[in-house]
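A.B. asks: One letter stands for each residue in the lines below.
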Amino acid sequence: MALHHVESVVHPATLEEAWAEKERRGKTARLVGGGIDVVLYSPSTVSTLIDLKALGLSRIRETATGIAIGATATMTEAIESPALKAYAGGFLVRVLREVASPLQRNLATIGGTIGSAHPWSDVIPALLVLDAKLAVYDGEERTIPLQAYLEGRRGEASPIICTIDLPSDSASSRGTLASFTRTGFDVALLNVACCGRVAGGTWEDVRIAIGGTPGLAARQGAAEDALIGNPATSGTIAAAANAAAGAIDARDDLRASAEYRRTLARVLVERCLTEIVSGTEGGAG
Amino acid sequence: MTITLTINGKARGVDAAAGETLLEVLRREGFVGVKSGCESGDCGACAVLMNGRAVNSCLVLAATADGAEIVTVEGLADGDRLHPLQEAFLDEGAVQCGYCTPGMLISAADLLSRNPNPTDEEVREAISGNLCRCTGYTKQVSAIQQAAKRMRGGDDD
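Those protein sequence lines, which keep their order, are chains Y and P. Last residue of the first sequence: number 285 in the numbering used here, and the count goes up by one each step with no gaps. Last residue of the second sequence: number 1157 in the numbering used here, and the count goes up by one each step with no gaps.
Source of the hints: derived by calculation from the structure; they are not laboratory data. Here a beta-carbon is modelled for each residue, glycine too, at the ideal position from N, C-alpha and C. It is possible that part of the hints are untrue.
Simulated coverage check for chain Y against chain P, where a stretch passes if three residues somewhere in it have a Cβ under 8 Å from a Cβ of chain P [what the hints assert, rightly or not]:
| id | region |
| --- | --- |
| 1 | 4–15 |
| 2 | 49–56 |
| 3 | 102–111 |
If we strip away everything but chain P, and leave its shape as in the complex, we get:
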């Protein structure tokens, strides 16, 4: 079947088998920043924004996402200009192997879109579905707070 997805702002018709997941379809379409991890909704590496909410794309059947607006990690940057979250992850050294990073960024983008001034506890809750085996999450929390501050127009400290 052909479904319509708006992926990173561009509407496109996409071929999908009835039982295929959104993760599989997005990666086949070239959005390989969407990582395939556990494929059971536990690790969060496959997170994308679907109609503005961060979801595990491995748990979404593509056919049920017909008509949805999808944002992958590739869609966060504005051309060559990185999203403040991406900048902050680089500045804070919040990336080691990097496999969890796309999903982590998507969960953080969802959080900051509706809560521009989160507490550390709220940040940790927001990324609680994104597993990172390299770090202790401290630098990611710090990076997300740094990005939030910059997006609010605050000084970089």
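With the rest of the complex left out, here is chain Y:
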């Protein structure tokens, strides 16, 4: 239904113009990619929308250092990208195929999903474990880790996301996501993403992220440290799962208790890591 609080929509042609609009209008402006989040959740204080689609940021391309996903590329475009289908065993593509419906995925952008930063997002933990970095613009271009963007995004000072950069280091890793929902249409009570590589029976590399705690997804450094360089056995996996479950900022809300979330975290981390070791990862949910 109509957003009566929205008074104007601007279509800047350059990043400089877009940032200048954002700076000038402060909290009354909202950046728009696909626009879903704006339609469903924008607060009544937002009176101007800054449409980013004219900035030419929708390409997905292979670069010298990995893959750069344009911030306004849709989820469908990412799913159909040959480069992403081949990257990390198609992990990100599998995750995206489980998000929302095709009708919504044709609208939703990868940058918009990150900018919305919903705690229940299944895409954000997947990008965290792929070690994604963001090329951003806030008067100057720079690159920051996704985790740093998420930690710093509160308030209107959040930069414009230009591309989501996936490193070539993760291309040969394998990833899996376990998103625990009550129904197929529901958002996650808690989700776990893991991505890693086992060589000669040893964890060469591993990253773990947990979201919906009910806070925003975050990497689990202690659990990762418990694995890297150690044998990929059920014992080390169980220890890492316990470490992750103990480290998350689990809280009660109307959807689940903190205790339930910790139990979910332990079970799902163990399940994801086991799938990576056994090579049976392949489902996103």
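Here the structure of chain Y is known, so what remains is to put chain P in place on it, guided by the hints.
C.D. replies: For chain P alone, kept in the frame of chain Y given last:
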């Protein structure tokens, strides 16, 4: 503001308030085959093709669709000649109350435009954003497969 939309092949200037959705604008312009259901992107009754892709028009602000090519269910038929999907929905009895049908047809049209020979699983995935409260989706899947077969030039069985 005035935006330009090409709706079912015809370019037109359309008045739209900044906060109006594409759904609201299309229905006001007379394209009432675009149904207003949940208005939150869940039911798919409002689906239209935007630049060749099926989207929830309730989730699109009209101002951000300026310059887009839109196809509504009214634009699927070629004059008096129904689209093969519409024919197949009639032949297979894939319509009960009919409220979901326009959106279902649009999602199916998007699918068949890029995958002329889908599996049943791919058909079900393609219409997974279109809720039908009357049926169990079986007849819609069958109708879409029937249409795909006819569009590929296969025999009607």
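A.B. asks: Determine for every hint whether it applies to the structure shown.
C.D. replies: Comparing the hints with the structure gives:
Interface restraint, the region 4–15 of chain Y with chain P: holds (7 residues with C-beta to C-beta distance below 8 Å; minimum three). A stretch counts as covered by a chain when three or more of its residues have a beta carbon under 8 Å from one of that chain; for the region 49–56 of chain Y and chain P the count is 3, and the coverage holds. Coverage of the region 102–111 of chain Y by chain P holds in this model, with 5 residues showing a Cβ closer than 8 Å to a Cβ of that chain against a need of three.
Consistency note: the structure conflicts with none of the earlier hints.
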